[in-house]
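Novice: Line by line, the protein sequences give chains A and B. What the first sequence shows, in my numbering, is residues 1 to 500, in sequence order. What the second sequence shows, in my numbering, is residues 501 to 978, in sequence order.
Just so you know, these hints were derived from the structure itself, not from any lab. One thing to keep in mind: the hints can contain errors.
Unchecked claim - Quick look at which bits of chain B chain A covers, simulated, 3 or more residues with Cβ under 8 Å:
id	segment
1	525 to 538
2	817 to 826
3	899 to 908
4	918 to 926
What the hints assert, rightly or not - Pair by pair, the computed Cβ-Cβ distance ranges are:
id	chain 1	residue 1	chain 2	residue 2	range
5	B	764	A	421	55 to 61 Å
6	A	414	B	916	34 to 40 Å
7	A	483	B	944	41 to 47 Å
8	A	295	B	860	47 to 53 Å
9	A	199	B	665	32 to 38 Å
10	B	506	A	199	58 to 64 Å
11	B	916	A	204	46 to 52 Å
12	A	188	B	692	36 to 42 Å
Claimed, not checked - To be clear about the criterion: a stretch of chain A counts as covered by chain B if any three or more of its residues have a C-beta under 8 Å from a C-beta of chain B, and this derived list gives those stretches:
id	segment
13	55 to 61
14	68 to 78
We put the beta carbon where it would ideally sit given N, CA and C, even for glycine.
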Amino acid sequence: MNLDTWLPLLVVASSLLPGLVIFFLSESSHWLRTALNLTGAGVKLVLVGVMVWGVFHEHSYETRWTLAPGLDLVLHADTLSVLFVSLSTVLWLVTTVYAIGYLEKSPHRSRFFGFFSLCVSATVGLALAGNLFTFVIFYELLTLATYPLVAHRGTPEALRGARIYLAYTLGGGALLLVGTVWLHVLAGPAPFVEGGILHRLPAEYHAQLRVIFLLLIIGLGVKAALVPLHGWLPRAMVAPAPVSALLHAVAVVKAGAFGIVRVVYDVYGVNFADELGLLTGLGIAAAVTIIYGSIKALSQDNLKKRLAYSTVSQVSYIALGTAILGPVGTIGGIVHLVHQGIMKITLFFAAGNYAETLGIHKVSEMNGVGRRMPMTTIAFSVAALGMIGVPPVAGFVSKWYLGLGAVEAGMAAWVMPVLIVSSLLNAAYFLPVLQRAWFRNPGSAWPAEHIPAARFETTAALLWPPVVTATLALAAGLFAAAPYSPLEWAELIAQREYGL
Amino acid sequence: MTDALIWLVAMPLAAALATLLLPRHASVVVIITGVVTTLAGGILLFAVGTQGALSYEIGGWTAGLGIALRADGLSALLLLMTALVMLAASIYASAYFSKAVERARFWPLWLLLWTSLNALLLSGDLFNLYVTLELLGLSAVVLASLGGKTAAVAAALRYLLVGLLGSMLFLAGVSLIYAGYGTLDIAALAHLIEPGPVTWTALALMTAGLLLKTALFPLHFWLPPAHASAPAPVSAVLSALVVKVAFYLVLRLWLDVFAAVVTGAAANLLGVLGAGAVLWGSWRALRAERLKLLAAYSTVAQLGYLFLFFPLLQALPSGPARDAAVGGLVILALTHGFAKAGLFMAIGVIQQRCGHDSIRDLDGTAQRLPATTFAIALAGVALIGLPPSGAFLGKWQLLAGSFATGQWLWILVTVAGSLLAAAYIFRVLGHAFGHQAYPQRPVTVAREEWPALVLTAMAMVGLGLAGAPVWRLLEGGL
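In isolation and in its complexed conformation, chain A is listed as follows:
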């Protein structure tokens, strides 16, 4: 067995196979299910570790399987895919622990964890996709695997949210598919190559390439929640907290953003995309989304909804970084892929803890919660400050590089105001939450106290995941210059993309 050709497949299979087995377990085999979940997550972590080391040393890992003439399923590890795979793998492990604690004793757990594993497998698959065809396959699989998770509770509200999610994502998926087939007919298989491939096509194709770009970006923009394609995201909030966490930090939203990065850098090539005049449009869409999401977040009293609109806004920093020509902007966008993930998952874990422990769903119910649940609230605060861009949390690094990149690219005139306004808005919707949590007196009773305070403020499986991810968010900012940090890795990606 040759590890170079099998490793990418094994990375996908390490969550896929446990997931398939879990579907057929009876509801009562709690321990077996947990063991399978954690073993899968642990094995994946080790495999990804090997992969990161190998890619850093310019080793090539590729699994190739022919599905039809000219259509190969390719799983390939490069710097960008490894970044996303590592993020998914680490956060999957944490989220699995959280989900086990969160769903204890609720029905249909085999179904839930089965689809949960499929969801992660699809995410890892699309991260490792070596061409646009493979990407589309996993992109659609992700849609399918996520639907049952959003609909999981089966309430009319959950079903409605899931239906809207599906309508948006399948519609977007169809556009993506049409664009991909079109590109395939024009240019043959579209392998992801650093620097892109399409600049080699003759000039008479340029008009078609612009239309295809539009199709692809709209298709991806639905998952990335670019305004006005974001409508599904706030409604998908009805999902259980671990699902929301995964959806917002790793899986769905990030898949869209990652796809945009792939299309711009590794299919079109960022310089060629700029030549075709495609980056300005993308940049404007991203800027509008950043501002719009933040403004909507201001008025949400439901905590998860506020976080959802915050995601709409924050994920578009990635698209913004992509639209900024030049290595520094690229670094800012790509590093935010990781930073936003770690910070947002912390926020959702914390929100889930408030709801599960005390029945708190609204910002207005959060008065004094910092005293009752200090560790959760500290984690929440670290992540929220990071989102605003307060140093030394990870979010500051992203914004710094985005701003610097914009100056270098001569786009400071409109990017800087966007960054500043958005940071002010971030502060405006997060700081009042922190102020309530820490400095206001709690009311007479919590809305619905499910878990009484014992040794810890809530159960261990709920408490540790946000603490761990908040620590990661802090570390990613503090040690940004250390080897293998997200920032260093993003710099490596930028070097290879621009051939520096």
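Start from chain A and add chain B according to the hints.
Specialist: Coordinates of chain B only, in the frame set by chain A:
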């Protein structure tokens, strides 16, 4: 290797007689038949893949006088699919019909249908094709009427009349060909055929008969009631195989025997009718109130996609792009066969457990039968054409062919049809979520739930991930 050809016809025929004589052991006989024909189908596929098309003259009589059996890549693929679907449906039927009397009536006809399916796929001349088509139609009608209710009998009667009309049109075409060319052997005809009023009339008559049998819009009116009122294993086979072999004949005539005389306008007409089928069938499936009716209208729509390929194949010059499209067409047909058979079986389980198949009242059932619901989901995803199903590869080729030939209309039709399919499938799947009582184990009735799961998994993953040999097998012809 030619033995496999004979086994494929002789085995179900002998079994039909055996079940008449030994009704008590019928179920065992049928399952053995299924295993043997599946093996024979596998061997045949392997042989065709390595040696190319095979043929065998029964009794040593040469073509013209005797009966010749032939198999190329296309027929071998369909034969293997038939064997697998029939095997699974037989296991399912042995549990579905709980009374011995019901089974005693059912098995001989079932095996006769099986024989005629295989014989049709192996026939190499137009007269034998007519005979097997007639035999197939008659056994299908009787099986469809086994539901016993008035609605089933009325639908079956209409099915009978339509089938007879179709066969008559086909026979009329065949006689014209015989008068014009003096032979009915399709391999010989492919070389002789030349444009002219006789040829065109014959092709038009035969095609009209076959379109009626394959229920292409707007000739589909008989299909939904017939397929929706038949017993579940019969519906499965009617939708997955019976209409499919009529389509196989259209394909055989248009791309093989009459390829030289087919015009672009005629191919476009088939494409337009196919587009109508996709849109109308999907729309009616979306509006259907019963699961079986939904599945039946979905068959109308899915057959429509297959006809969208005709204008593409007409416009594409022979070469890799056209070969890719042919493979896409075949894999779409195969995927639909597996998925639709599994879907009807799963619906049958639901219908038996709660006595109805009304979509609106599905809540509790869908949650009490996780494995069956999962089978419906797998089948549904394959029908929509999402990856990793075989249909995804098929629709990819459909889109690629449309782009390559600049026929934009089919792209819109394909996308619209797929989104409608997603709407009608997820309308059903939404009922799987909720907090109804749920079982400890996902599979509750093994003999009825596993066959559907296996077939739908085949459509969803098997053909999608291991479908590349389909293209290789078709390299020789079409």
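Novice: Each of the hints needs a verdict: does it hold here or not?
Specialist: A quick look at each hint next to the structure:
Taking a C-beta to C-beta cut-off of 8 Å, the segment 525 to 538 of chain B contributes 0 residues in contact with chain A, too few for the three needed, and the coverage statement is violated. Figure legend: the segment 817 to 826 of chain B, annotated as covered by chain A; annotation consistent (3 residues with Cβ-Cβ distances under 8 Å, at least 3 required). Counting residues of the segment 899 to 908 of chain B whose CB lies closer than 8 Å to any CB of chain A gives 4, so the stated coverage by that chain holds, three being the minimum. Only when three residues or more bring their CB closer than 8 Å to a CB of chain A does the claim for the segment 918 to 926 of chain B stand; here the count is 4, and the claim holds.
A hinted range of 55 to 61 Å holds for the C-beta pair residue 764(B) and residue 421(A), which are about 59 Å apart. Restraint check, residue 414(A) to residue 916(B): a C-beta distance of roughly 39 Å satisfies the suggested window 34 to 40 Å. For residue 483(A) and residue 944(B), the Cβ-Cβ distance of about 55 Å falls outside the hinted range of 41 to 47 Å, so the restraint is violated. Between residue 295(A) and residue 860(B) the CB atoms are about 41 Å apart, so this pair departs from the stated range of 47 to 53 Å.
Here the CB-CB span from residue 199(A) to residue 665(B) is close to 60 Å, at odds with the stated 32 to 38 Å. Hint check: residue 506(B) to residue 199(A), Cβ distance near 60 Å, so the stated range 58 to 64 Å holds. Taking 46 to 52 Å as the suggested C-beta distance range, the pair residue 916(B) and residue 204(A) does not conform, at roughly 30 Å. The hinted range of 36 to 42 Å is satisfied by residue 188(A) and residue 692(B), whose Cβ atoms lie roughly 40 Å apart.
Given as covered by chain B, the segment 55 to 61 of chain A fails the check, having 0 residues with a CB less than 8 Å from a CB of that chain where 3 are the minimum. Only residues whose beta carbon comes within less than 8 Å of a beta carbon in chain B count, and the segment 68 to 78 of chain A has 5; three or more means the coverage holds.
Hints 1, 7, 8, 9, 11, 13 from the earlier list are contradicted by this structure; the remaining hints agree with it.
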